[in-house]
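Chemist: Residue-level listing of the chains:
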Amino acid sequence: MSKQGKTRTVEEINEKIRKGDVQVLTAEEMKKLVESSGVEVAFKEVDVVTTGTFGAMCSSGAVINLGHSDPPIKIDHAWINDVEVCHPGAAVDLFIGATNMSEKQPFEYGGGHVIQDLVAGKEVELRATAYGTDCYPRTQLKTTLTKDDLNQFYLLNFRNCYQRYNCAVNSSEETIYTYMSKLLPRLRNATFSGAGELNPLMNDPDYETIGMGTRIFLGGAQGYVIGEGTQHSPKNLNGTLMVKGDAKKMPPEFLQGAAFTRYGTSLYVGLGVPIPILNEGLAKKTAIRDSEIFTDVVDYSVPRRDRPKLRQVSYKELKSGSIIIDDKKVRVSSLSSLKMAKKVSKTLKSWIEEGTFFLTTPIERLPSDSVFKPMRQTGEIPFVVSVMHPAVTCTENEEIRAIAERIVTKSVNHIVVIDGAGKLRGIVTSWDITRAMAEGKKALADIESRNVITAKPDEPLEIASKRMAQHNISALPVIDIEKKVLGIVTSEDVSKLLGR
Amino acid sequence: MVRVLLRFSEEQVPQPITSQIILEYKVPIAILAAHINSKGGEILAEIPDEAQEKIIKAFRKRGVSVTVPKLIEVDTEKCFSCGSCVALCPVEAISIDKDSSVKFDKEKCVGSTCSICVDACPARAIKSVKQTNSEQLANNRKK
Ligand code: SF4
Ligand code: SF4
Chain A
1 MSKQGKTRTV EEINEKIRKG DVQVLTAEEM KKLVESSGVE VAFKEVDVVT
51 TGTFGAMCSS GAVINLGHSD PPIKIDHAWI NDVEVCHPGA AVDLFIGATN
101 MSEKQPFEYG GGHVIQDLVA GKEVELRATA YGTDCYPRTQ LKTTLTKDDL
151 NQFYLLNFRN CYQRYNCAVN SSEETIYTYM SKLLPRLRNA TFSGAGELNP
201 LMNDPDYETI GMGTRIFLGG AQGYVIGEGT QHSPKNLNGT LMVKGDAKKM
251 PPEFLQGAAF TRYGTSLYVG LGVPIPILNE GLAKKTAIRD SEIFTDVVDY
301 SVPRRDRPKL RQVSYKELKS GSIIIDDKKV RVSSLSSLKM AKKVSKTLKS
351 WIEEGTFFLT TPIERLPSDS VFKPMRQTGE IPFVVSVMHP AVTCTENEEI
401 RAIAERIVTK SVNHIVVIDG AGKLRGIVTS WDITRAMAEG KKALADIESR
451 NVITAKPDEP LEIASKRMAQ HNISALPVID IEKKVLGIVT SEDVSKLLGR
Chain B
1 MVRVLLRFSE EQVPQPITSQ IILEYKVPIA ILAAHINSKG GEILAEIPDE
51 AQEKIIKAFR KRGVSVTVPK LIEVDTEKCF SCGSCVALCP VEAISIDKDS
101 SVKFDKEKCV GSTCSICVDA CPARAIKSVK QTNSEQLANN RKK
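If you read the protein sequences in the order shown, they are chains A and B.
For the first sequence, position 62 matches number 62 in this note's numbering, and the numbering has no gaps at all.
For the second sequence, position 19 matches number 19 in this note's numbering, and the numbering has no gaps at all.
Hint data in this document are derived by calculation from the structure and do not stem from the laboratory.
Fair warning: this is a prediction, and the values are worked out from it, not measured in the lab.
For each residue, glycine too, the CB sits at the ideal point set by N, CA and C.
Among these hints, one or two may not hold up.
To be verified - Cross-link-like lysine to any residue pairs, in silico, SDA-like; alpha carbons within 25 Å at most:
#	chain 1	residue 1	chain 2	residue 2
1	A	122	B	125
2	B	127	A	179
3	A	339	B	105
4	A	248	B	79
5	B	108	A	321
6	A	342	B	79
7	B	127	A	188
8	B	98	A	371
9	A	329	B	103
10	B	127	A	185
11	B	98	A	290
12	A	319	B	99
13	A	319	B	79
14	B	78	A	185
15	A	339	B	98
16	A	319	B	125
17	A	104	B	79
18	A	316	B	103
19	B	98	A	253
20	B	78	A	246
21	B	98	A	35
22	A	329	B	51
23	A	339	B	125
24	A	329	B	100
25	A	342	B	105
26	A	329	B	109
27	B	98	A	324
28	A	319	B	93
29	A	342	B	104
30	A	309	A	292
31	B	78	A	253
Said to hold, decoys possible - To list a few chain B residues with every Cβ distance to chain A over 10 Å, as calculated:
#	residue
32	22
33	28
34	37
35	38
36	41
37	48
38	71
39	72
40	73
Assemble the whole structure, with the sequences as input and the hints as a guide.
Modeler: Rendered as structure tokens:
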């Protein structure tokens with residue numbers, strides 16, 4: 001510690017690492033220390049706090065360089081284990097994106113798995129095609145490779161380490177499969193992501209020590225922060241990092257390919273950042289608890305950018321295994337591994353204690369006040385609300401003859417059955433009515449369909465249209481959350497607007 | 001304990017077949033899950049090992065189809081304890097240990113009639129597997 005006793009420098013800490021008397025705590029241990037002994041003591045006693053996270057990070061990938069073949073090839077299209085990889089640069093540089101899927105086993109095997117297999121030392125199959133030039137005449141290539149055959153193999157993740165993330169639920173009637181995993185209908189489960197109080201950025205939310213050039217734990221080896229991640233939005237505590245590390249040095253454990261049913265593939269990445277405790281303020285910040293970190297419970301059944309937020313929850317509640325939504329207990333699962341996050345912070349701690357990992361001062365600070373903008377869209381897309389019109393309705397105690405008349409005078413094909421409060425009960429079509437009259441039926445209850453497929457007003461029209469096609473029907477009553485009928489949308493409305 | 005899936009046809013639903021068998025053989029049969037309506041139904045039941053053979057036969061004699069369903073198997077090498085599967089399990093067979101590892105309780109799991117967790121595992125560590133055919137086992141024992 002420097003003379004005033006109020007600050008310490010990264011150089012002083014590195015000197016202690018060299019001498020072997022550095023004091024390192026994991027984020028978990030630091031929180032306990034601050035709670036029991038206070039910030040002042042914790043600052044005096046602790047030089048470094050190690051953080052960690054282990055989650056699915058889709059914006060990850062690896063850059064590889066193959067070396068030149070003979071005759072040489074300027075790759076145009078390439079596949080590794082049938083996963084298409086990009087060729088963003090010159091002849092034999094490739095980028096393996098974690099979410100690119102195998103053409104033979106889509107949704108089960110993808111770029112994340114290719115990276116995992118390479119890291120594990122497995123042999124992979126490369127296929128490439130090219131148009132052929134005077135200097136690169138070859139047009140076809142097929143070979144097998146391991147990581148030892150590559151000139152460079154490094155992870156280049158352009159968005160990792162999300163500071164916190166939504167908690168996802170599904171209020172619809174059907175199971176949905178999302179990047180937040182499988183969501184059962186009617187809020188039967190919830191999922192969340194992120195390590196909460198162990199997350200690196202949560203422990204240095206003002207980017208005092210984490211910046212460009214910060215040496216970190218990445219996939220089980222030393223890596224670096226090379227800038228802010230894409231969608232970095234620190235002002236509302238949604239910061240991200242862009243990171244790089246030598247994948248040849250990574251052990252298999254901290255990078256795992258992942259398959260999300262009906263969503264696609266990804267890569268789980270273990271990432272940890274050491275936070276030098278340079279002042280009391282940092283000692284205090286690294287004491288942050290799950291109970292102080294909040295996120296939104298978001299309804300993923302709404303296929304829109306701005307999905308409804310049902311409530312706020314703390315990571316403490318999320319990690320407890322269940323949360324309460326509208327008086328209902330909903331069981332909640334983490335998608336990122338807390339066990340592995342702890343392992344990351346412990347491993348990083350041991351590296352520093354053993355003197356194999358030294359801290360760095362960032363060469364440039366990351367922005368700490370930017371926000372993430374939505375996309376600028378030049379074309380408007382239509383929603384159900386923009387085409388729906390008032391529904392012709394009836395109640396269950398009406399006679400079929402009266403309804404038949406209404407179908408004729410209003411010239412519609414669908415009559416929505418409602419109760420006294422205007423809530424949806426069923427639907428009848430002109431076809432149902434014709435048949436009922438032919439069969440001499442009188443009661444509406446005998447012919448109405450009660451299992452009604454519906455639409456919501458803020459759904460994209462395209463999705464409502466798909467639903468009609470899927471169920472082979474030509475109209476959807478539009479209802480609100482309470483099942484009150486707001487209107488109706490028909491396949492005619494859709495074809496008028498979308499031209500199909 | 002052996003898990004079996006009993007399938008009842010429309011005509012069998014109103015008959016008290018299960019209770020008759022329990023009374024006749026004096027064997028406790030635990031019902032783990034049931035989906036029954038007037039058109040037919042399925043019951044997932046658990047039968048003690050010693051009695052499996054005669055009980056399965058008794059159901060079959062009464063025209064009930066009996067199958068031994070698949071159970072699940074978790075590849076602990078592949079599982080990285082993300083926890084995605086935990087809240088999906090309807091019978092709370094999956095839990096998180098003190099050290100944050102994910103644990104499966106095979107006794108509680110109802111197997112392939114459920115399988116909700118299988119396609120939610122990002123590591124594809126959960127597989128449906130065939131339960132050892134109980135009848136075969138019983139036959140082998142006799143020989
Ligand atoms: S198969 Fe069903 S009961 Fe068994 S562990 Fe998975 S979710 Fe639970
Ligand atoms: S979802 Fe798969 S990887 Fe995750 S805890 Fe369950 S079994 Fe393990």
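Chemist: Okay, which hints does this one fail, numbers in order?
Modeler: Violated hints (numbers, rising): 8, 14, 22; every other hint is consistent with the structure.
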